[in-house]
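Number of protein chains: 2
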Amino acid sequence: MSLAPIFSPRSIAVVGASDREGSVSRAVMGNLAAFPGQVFPVNPKRAEVLGRRCFPSLGAIGQPVDLAVIITPATTVPALMADCVAAGVKGAVIISAGFKETGAQGAELEQQVLLAARRNGLRIIGPNCLGVMVPHAGLNATFAAQMAGAGTVAFLSQSGALCTAILDLSLRENVGFSAFVSVGSMLDVGWGDLVRHFGDDPHTHSIVMYLESVGDAQSFLCAAREVAAKKPIVVIKVGRTAAAARAAASHTGALTGSDAVLDAALRQAGVLRVDTIEELFDVAEVLSKQPLPRGPRLAIVTNAGGPGALAVDALVGRGGAVAELDGATLAKLDALLPPHWSHGDPVDVLGDADAERFACALKIVSQDDSVDGLLAVLTPQAMTDPTAVAEKIAPLAAEFGKPLLCSWMGGHAVRDGRRIMNAARIPTHDYPDEAARAFVSMWERRKRLEWLAETMRASARCTPAATSGGVDAIIANARASGRTLLSETEAKSVLKASGIPVVETFIATSEDEAVARAEQIGFPVVLKLHSATITHKSDVGGVKLNLHSADAVRTAWRDIAAAVRPADFAGVSVQKMIRGKGIELILGATTDPQFGPVLLFGAGGTLVEVLQDRALILPPVTREIALRWIAETKIHKALRGVRGQRAVDMDALADVLERFSAMVLAERSIVEADINPLVASPAGIVALDARIVLHDARDADAVPAAFCVC
Amino acid sequence: MSLAPIFSPRSIAVVGASDREGSVSRAVMGNLAAFPGQVFPVNPKRAEVLGRRCFPSLGAIGQPVDLAVIITPATTVPALMADCVAAGVKGAVIISAGFKETGAQGAELEQQVLLAARRNGLRIIGPNCLGVMVPHAGLNATFAAQMAGAGTVAFLSQSGALCTAILDLSLRENVGFSAFVSVGSMLDVGWGDLVRHFGDDPHTHSIVMYLESVGDAQSFLCAAREVAAKKPIVVIKVGRTAAAARAAASHTGALTGSDAVLDAALRQAGVLRVDTIEELFDVAEVLSKQPLPRGPRLAIVTNAGGPGALAVDALVGRGGAVAELDGATLAKLDALLPPHWSHGDPVDVLGDADAERFACALKIVSQDDSVDGLLAVLTPQAMTDPTAVAEKIAPLAAEFGKPLLCSWMGGHAVRDGRRIMNAARIPTHDYPDEAARAFVSMWERRKRLEWLAETMRASARCTPAATSGGVDAIIANARASGRTLLSETEAKSVLKASGIPVVETFIATSEDEAVARAEQIGFPVVLKLHSATITHKSDVGGVKLNLHSADAVRTAWRDIAAAVRPADFAGVSVQKMIRGKGIELILGATTDPQFGPVLLFGAGGTLVEVLQDRALILPPVTREIALRWIAETKIHKALRGVRGQRAVDMDALADVLERFSAMVLAERSIVEADINPLVASPAGIVALDARIVLHDARDADAVPAAFCVC
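Just so you know, the sequences run in chain order Z and W.
Just so we're aligned, residue 49 is where the first sequence starts under my numbering, counting upward by one.
Just so we're aligned, residue 49 is where the second sequence starts under my numbering, counting upward by one.
Since the hints were derived computationally from the structure, they do not count as laboratory data.
If you're wondering where the values come from, they're calculated on a predicted model, not measured in any experiment.
Any given hint could be a false lead.
For chains that are exact copies, the list does not tell them apart, and a pair is met inside one copy or across any two.
Cut-off 30 Å, straight-line C-alpha distance, at most; resulting in silico cross-link-like pairs (DSS-like, lysine-lysine) [claimed, not checked]:
{"#": "1", "residue 1": "K337", "residue 2": "K278"}
{"#": "2", "residue 1": "K592", "residue 2": "K682"}
{"#": "3", "residue 1": "K278", "residue 2": "K380"}
{"#": "4", "residue 1": "K380", "residue 2": "K411"}
{"#": "5", "residue 1": "K440", "residue 2": "K411"}
{"#": "6", "residue 1": "K495", "residue 2": "K624"}
{"#": "7", "residue 1": "K544", "residue 2": "K380"}
{"#": "8", "residue 1": "K685", "residue 2": "K380"}
{"#": "9", "residue 1": "K592", "residue 2": "K624"}
{"#": "10", "residue 1": "K411", "residue 2": "K279"}
{"#": "11", "residue 1": "K624", "residue 2": "K337"}
{"#": "12", "residue 1": "K682", "residue 2": "K380"}
{"#": "13", "residue 1": "K278", "residue 2": "K495"}
{"#": "14", "residue 1": "K682", "residue 2": "K440"}
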């Protein structure tokens with residue numbers, strides 16, 4: 049159901065209305081005084097509240113009510129929901145606390161509330177929230193001490209306390225909002241509903257969110273994927289570190305999933321994520337004011353070298369690039385500028401630059417095809433007129449067709465110049481390094497929109513593939529013997545049946561058989577523990593590499609057998625020792641409780657935890673996505689060939705990633721899969737070891753759905 | 049000579065004094081109007097300037113002059129320096145531009161200026177600078193439009209334009225300075241002089257520097273090492289990225305060295321480095337107000353969970369840690385707080401906390417030995433009194449004996465609270481994540497002071513060791529044959545003579561000899577190209593691993609011979625193939641033009657450029673420093689043992705690092721040395737390959753001195 053009754057109500061009932069000084073209810077009533085629609089106080093103990101007639105119950109109002117604001121004790125709320133439904137109320141903001149956050153009893157109460165509300169599709173914000181504000185509609189259904197200014201940013205926050213702080217700060221800084229929403233414990237209305245609502249709201253140009261937990265991940269991500277392409281969504285989510293996740297969980301009782309998975313999900317949904325509240329609003333502002341750059345190359349025009357260099361450090365440090373100006377551009381600048389200008393980007397127009405010189409330089413640079421965005425930096429030097437330069441530049445911005453940012457550095461001297469730039473919708477920053485970082489965020493948004501588009505294409509094509517018969521048989525066999533862990537050979541067979549190249553591997557259950565297999569394959573060979581119970585074989589000394597003779601195989605057999613308990617020893621696997629300098633990679637899949645299957649690619653081998661060079665992604669994976677995914681790791685540089693090694697066949701590697709993704713999506717009984725190492729060399733790609741874990745057959749229903757099913 | 053005549057002059061001559069409106073000279077004269085000492089305008093064309101008697105020359109003043117401020121054209125300055133010396137002037141601030149920054153002619157002019165000044169030990173700031181301000185002395189010898197406020201921060205800037213911007217901003221933000229120095233092109237007075245001067249200046253509590261180039265690295269670092277232990281030095285240096293280094297160089301003409309080397313040098317000198325101007329002043333303020341933490345563990349006391357989680361993310365993300373509160377602390381908090389408090393760090397005292405509860409919680413937490421620092425976070429909620437909480441907490445801070453930071457979040461509602469905290473020297477931040485980052489900077493300073501102390505101890509013990517006779521002979525032999533590149537076997541002999549374990553390696557100049565050597569060593573063996581010209585052997589296919597038979601050795605010999613030109617082929621080296629799962633490391637030395645010998649340690653092997661897991665250090669290296677150095681890399685975790693591998697002998701590894709450092713310091717003809725891989729395993733440490741380059745004998749004098757010689 050629509051959220052319009054909550055955010056555009058014509059009439060509001062305040063349940064628990066009171067005029068007792070210092071009460072939450074009094075604060076809400078006071079804030080609603082300016083509301084242009086009807087306000088009905090409801091309280092059986094009063095006849096009038098703040099000059100308005102007070103009703104004994106919702107039913108007694110006798111007129112249509114769009115929104116009920118509930119401020120009564122938690123235990124009264126389930127019954128009130130029934131009243132709301134009976135009275136035809138369409139939306140509720142439950143400010144009252146005392147639910148899930150207080151323990152099991154409160155959680156039970158919440159469920160009663162939800163049950164009652166769902167009978168008539170009544171939508172609920174909260175409970176345990178500050179309320180909602182819609183400044184342009186004069187709606188302030190909160191108990192905050194102040195009303196937000198009107199603007200174009202919808203701010204959605206899971207922390208009511210943060211709301212009050214941001215609100216207070218926004219009034220000092222003169223920042224406005226299209227809506228200001230404290231979501232509370234998100235019993236009903238969650239991120240997905242809100243993102244969709246403000247995606248369609250004409251007053252909202254960008255959506256800014258403070259998250260502590262993701263809630264319904266599917267709903268959020270599907271909504272984000274729909275909205276992100278038309279409006280910037282910028283998110284701060286606490287819990288990036290495990291310690292913060294614990295801190296957030298302890299106070300909301302919310303389940304916080306893996307932060308790295310969320311990161312991947314947001315990237316593919318086109319959502320920007322920032323780490324500080326300062327950046328949260330800065331990025332939203334910049335994105336709503338200027339067009340996105342087509343590439344990462346920023347040209348900096350400055351009247352001082354040092355600030356230009358500061359901007360370059362920040363730019364390159366974040367992944368942007370300095371523009372390589374075209375010869376023709378340089379020639380034009382040579383003609384314009386004094387001889388000792390910087391002759392490149394940053395373009396130092398020098399300390400004595402007047403408005404004309406500054407503006408001309410910017411215009412010349414803007415026409416260079418190798419420039420994706422512009423940053424004007426001004427310091428108030430003796431011969432500088434910050435206001436005049438701003439007046440000259442501001443009207444040009446619209447012509448550039450490229451984003452323009454600026455940093456008028458200083459205080460009083462640059463105040464008027466900043467005001468002019470701001471009025472022309474050119475974002476201004478105190479320092480040029482901040483501006484450069486903002487530019488990189490714009491470029492990041494462009495990249496994420498590309499990820500999003502590719503993800504949408506992939507998802508559209510993503511039909512649950514039929515699983516291969518061979519795979520089914522192997523899995524059935526493991527299940528029949530009560531196992532959820534496949535043996536190495538079983539796992540390799542599953543991969544092979546999925547079209548992923550594996551090194552040929554035989555099981556030997558006696559020493560003599562191991563020798564015979566080794567002689568059949570040809571030396572050197574590798575022996576590995578074959579066990580139904582032990583999965584990390586090298587951790588227990590269960591891997592013997594590079595065996596060159598029958599004697600070596602016999603010694604290895606005995607060493608492995610001696611290293612583990614007899615119950616864990618079911619023989620060995622024998623495989624060819626792959627020679628040469630292949631690059632060891634890891635390709636893995638896990639199942640996130642919120643986001644479903646998640647794939648991992650990165651540097652493999654035994655140092656995988658030490659190097660931590662990996663990138664996550666949500667399937668499905670297309671060729672295009674596979675190549676982007678590989679490029680997110682450091683090891684991808686090695687794949688292109690270093691130190692005399694030839695490059696790896698990237699298409700073949702991308703193909704393996706695509707097949708692995710398809711396997712994971714088709715065979716949903718796989719909850720974990722690892723290929724480590726996956727060896728990539730110019731000769732080809734081959735899986736040397738594999739590990740597959742099935743979900744417990746009894747939990748089949750608990751397996752989360754894949755992200756592609758929207 | 050002392051800089052007192054420049055920063056505490058009793059009398060000032062302004063050479064080129066004028067009252068022409070809009071001139072630089074007029075601005076300087078105007079700014080000096082408030083100077084309490086004597087001011088003598090000098091200009092042969094005027095009788096009076098701004099009401100002061102004007103002298104035709106310095107000589108005509110007839111009274112002692114401490115400081116001359118020079119504003120005349122560049123070409124006149126050399127002669128004026130002679131006048132200064134003749135008149136007994138002891139310091140000069142040359143504001144005039146037109147020197148080095150304009151090209152060769154200007155650079156020549158500078159040298160004449162320096163030559164004239166040095167005759168009498170006259171010290172010079174500039175040329176091409178804004179000038180200097182000393183607010184508490186009423187001295188403003190600049191052409192800036194405003195005067196800085198008085199404070200305790202000495203700000204030293206290599207960009208005059210940045211000075212004007214910072215000054216303007218500081219007046220808006222009400223920040224003060226003990227000195228405000230635009231250093232210009234640092235012809236005479238450089239970073240070392242200034243750091244020493246303000247290190248001794250009682251008005252200065254911290255030194256904040258904006259650098260574009262390092263200038264005299266030895267002087268700067270020696271001064272920093274003396275001063276950093278008593279006063280915080282915080283630096284921003286542009287050129288962290290190569291692109292910014294080019295940008296800075298193009299506008300100052302200054303030589304910028306490798307940024308990574310500077311980073312290492314600053315760390316060992318106890319100097320903090322930040323990346324943004326915002327942090328530059330923030331960190332300096334925090335460090336000057338609160339004691340340093342003894343460890344990285346921060347306890348956060350907050351009246352809202354979300355902001356606490358934000359702080360934790362920033363804390364852990366920067367390398368700090370959440371405190372594990374003691375059982376006794378938890379029990380005391382249980383007694384104090386409502387039942388659903390967070391039961392851990394962050395300590396959520398809940399939204400209804402009054403001043404008493406807030407302060408008590410903070411006090412309890414402060415007494416926990418597992419807490420190294422405190423952060424109080426307040427959001428202005430309905431039942432919060434931000435001012436009362438501040439009033440209650442502020443007087444306690446001094447008792448804690450641990451650093452206390454705070455974040456009163458919001459605008460008008462928290463203004464008074466912030467003012468109270470600021471007055472009590474408790475640093476306040478808009479957002480808790482900023483405060484957490486500031487705490488980590490405090491911890492970083494503590495760590496750097498430990499680096500500094502260890503570096504001082506090491507340097508005190510660092511006497512140029514006698515080089516081993518064996519090493520000298522090898523080097524002499526290479527030089528005799530006109531080579532600066534040692535062969536692999538020569539390089540290994542040098543390492544061996546320096547006490548570093550190397551794998552035994554023989555040269556074979558025929559196929560039969562290679563086979564004989566292999567049989568002598570025992571299979572498997574490694575063959576590598578032996579060449580006087582080619583140093584990166586694996587890049588040309590000159591390395592053949594794991595050869596198990598005479599036939600394999602013969603094939604390898606032929607492959608290597610065929611891979612290079614006959615002139616580059618001088619046979620092969622034969623060495624044992626080291627088996628097992630050692631960890632490949634790299635240990636290297638280069639010579640930086642500014643900082644002298646620099647050592648590198650990190651993850652080795654063929655992926656060294658891809659993984660980029662490395663840490664730099666300036667010798668000398670002690671056992672203690674070696675262990676810290678190793679801990680700066682990611683690979684050090686692998687050395688402790690992962691995935692069933694036993695740990696490496698860290699003492700043995702530290703010993704190798706120490707010996708390598710001693711070798712580089714003792715044998716200064718080595719300009720480059722690399723051991724890659726240095727293989728570390730539980731069995732020991734061994735160098736498998738080595739590469740050593742000597743400096744060109746003709747350039748012996750150009751080899752920079754080591755950092756330990758102060």
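Structure-based check of each hint:
no.: 1; hint: K337 to K278; verdict: within (14 Å within a copy, 47 Å between copies)
no.: 2; hint: K592 to K682; verdict: both (29 Å within a copy, 27 Å between copies)
no.: 3; hint: K278 to K380; verdict: neither (38 Å within a copy, 52 Å between copies)
no.: 4; hint: K380 to K411; verdict: within (11 Å within a copy, 66 Å between copies)
no.: 5; hint: K440 to K411; verdict: within (11 Å within a copy, 57 Å between copies)
no.: 6; hint: K495 to K624; verdict: neither (42 Å within a copy, 50 Å between copies)
no.: 7; hint: K544 to K380; verdict: neither (61 Å within a copy, 61 Å between copies)
no.: 8; hint: K685 to K380; verdict: neither (38 Å within a copy, 55 Å between copies)
no.: 9; hint: K592 to K624; verdict: both (12 Å within a copy, 20 Å between copies)
no.: 10; hint: K411 to K279; verdict: within (29 Å within a copy, 47 Å between copies)
no.: 11; hint: K624 to K337; verdict: neither (60 Å within a copy, 65 Å between copies)
no.: 12; hint: K682 to K380; verdict: neither (39 Å within a copy, 48 Å between copies)
no.: 13; hint: K278 to K495; verdict: within (14 Å within a copy, 48 Å between copies)
no.: 14; hint: K682 to K440; verdict: neither (44 Å within a copy, 51 Å between copies)
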